[in-house]
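Construct the complete structure from the given sequences, taking the supplied hints into account.
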Amino acid sequence: DAKTTQPTSMDCAEGRAANLPCNHSTISGNEYVYWYRQIHSQGPQYIIHGLKNNETNEMASLIITEDRKSSTLILPHATLRDTAVYYCIVRVHSGGSNYKLTFGKGTLLTVNP
Amino acid sequence: DAGVIQSPRHEVTEMGQEVTLRCKPISGHNSLFWYRQTMMRGLELLIYFNNNVPIDDSGMPEDRFSAKMPNASFSTLKIQPSEPRDSAVYFCASNLIRHTEAFFGQGTRLTVV
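Note that the protein sequences, when read in sequence, are chains R and A.
If you want this note's numbering, it's the position in the first sequence, counting the first as 1, plus 238.
If you want this note's numbering, it's the position in the second sequence, counting the first as 1, plus 2.
Among these hints, one or two may not hold up.
To be verified - Below, simulated DSSO-like cross-link-like pairs (lysine-lysine); rule was C-alpha separation at most 27 Å, straight line:
(1) R:Lys-338 x A:Lys-80
(2) R:Lys-307 x R:Lys-343
(3) R:Lys-307 x R:Lys-290
(4) R:Lys-338 x A:Lys-70
(5) A:Lys-26 x A:Lys-80
(6) R:Lys-241 x R:Lys-307
(7) R:Lys-343 x R:Lys-290
(8) R:Lys-241 x R:Lys-290
(9) A:Lys-80 x R:Lys-241
If you are wondering where the hints come from, they were derived from the structure by calculation, not from laboratory data.
As structure tokens, this is what we get:
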């Protein structure tokens, strides 16, 4: 299984862009990069995913390097409500079409006023 | 849809007692996951089901833990007998097989005294 490495914590000023890095140097060609976040006392929430192209949705943008060994999640205008633990996950396969999400320690993003 | 529903939200029990956690996945979803979260170990995948069939239970810590999914709309996680080290937040999640986004419930906070 490909492993991910993320900084333990980051700070960001409210209204500024938050850029959260993730290293996944052992990722396989058919593995996707997923991002989830967990706000205190809540269940994890899906943010975005990608394979090799950059992706954008209403929550965030995902930039994946050409060699796919790392990626960056971008929250363009961080708000106080974006304070959460952000998990970068590489989707693994365990036979056929089955898959599972394995969470690491994640990055605690604190958005400051 | 009300999302993934877990019950109870909080459970306090004495060591040695049986504990049953319940989960109702989102209607139409055919994949269900049970996770456990502690400060020390983070989010751990315990077991997951596809079409009510257990696919991977390698994360179940020991024989005291068991999970069932008798139908597509209900799953249980049972601990018998419970121990203080089982104290954690237990999350249930569901999605459509091969789809990207897993939806998590609000969790059950279990305290074993």
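We went through each hint and held it up to the structure:
Between Lys-338 of chain R and Lys-80 of chain A the alpha-carbon distance is near 21 Å, which keeps this suggested pair within the 27 Å criterion. A C-alpha spacing of about 19 Å is found between Lys-307 of chain R and Lys-343 of chain R, which places the hinted pair at or below 27 Å, so the restraint holds. At roughly 10 Å between alpha-carbon atoms, Lys-307 of chain R and Lys-290 of chain R fall within 27 Å of each other, so this suggested pair holds. For the suggested pair Lys-338 of chain R and Lys-70 of chain A, the alpha carbons sit about 18 Å apart, so the restraint of at most 27 Å is met.
This hinted pair checks out: Lys-26 of chain A and Lys-80 of chain A have alpha carbons roughly 15 Å apart, not beyond 27 Å. Only pairs whose Cα atoms come within 27 Å are accepted, and Lys-241 of chain R paired with Lys-307 of chain R is accepted, the gap being roughly 11 Å. Note on Lys-343 of chain R and Lys-290 of chain R: the hinted pairing holds, with a Cα-Cα distance of about 24 Å set against a maximum of 27 Å. As the CA atoms of Lys-241 of chain R and Lys-290 of chain R are separated by approximately 17 Å, the hinted pair is consistent with the 27 Å bound.
About 30 Å separates the Cα atoms of Lys-80 of chain A and Lys-241 of chain R, which puts this hinted pair outside 27 Å; it is violated.
Comparing the model with each earlier hint shows a violation of hint 9 alone; every other hint is respected.
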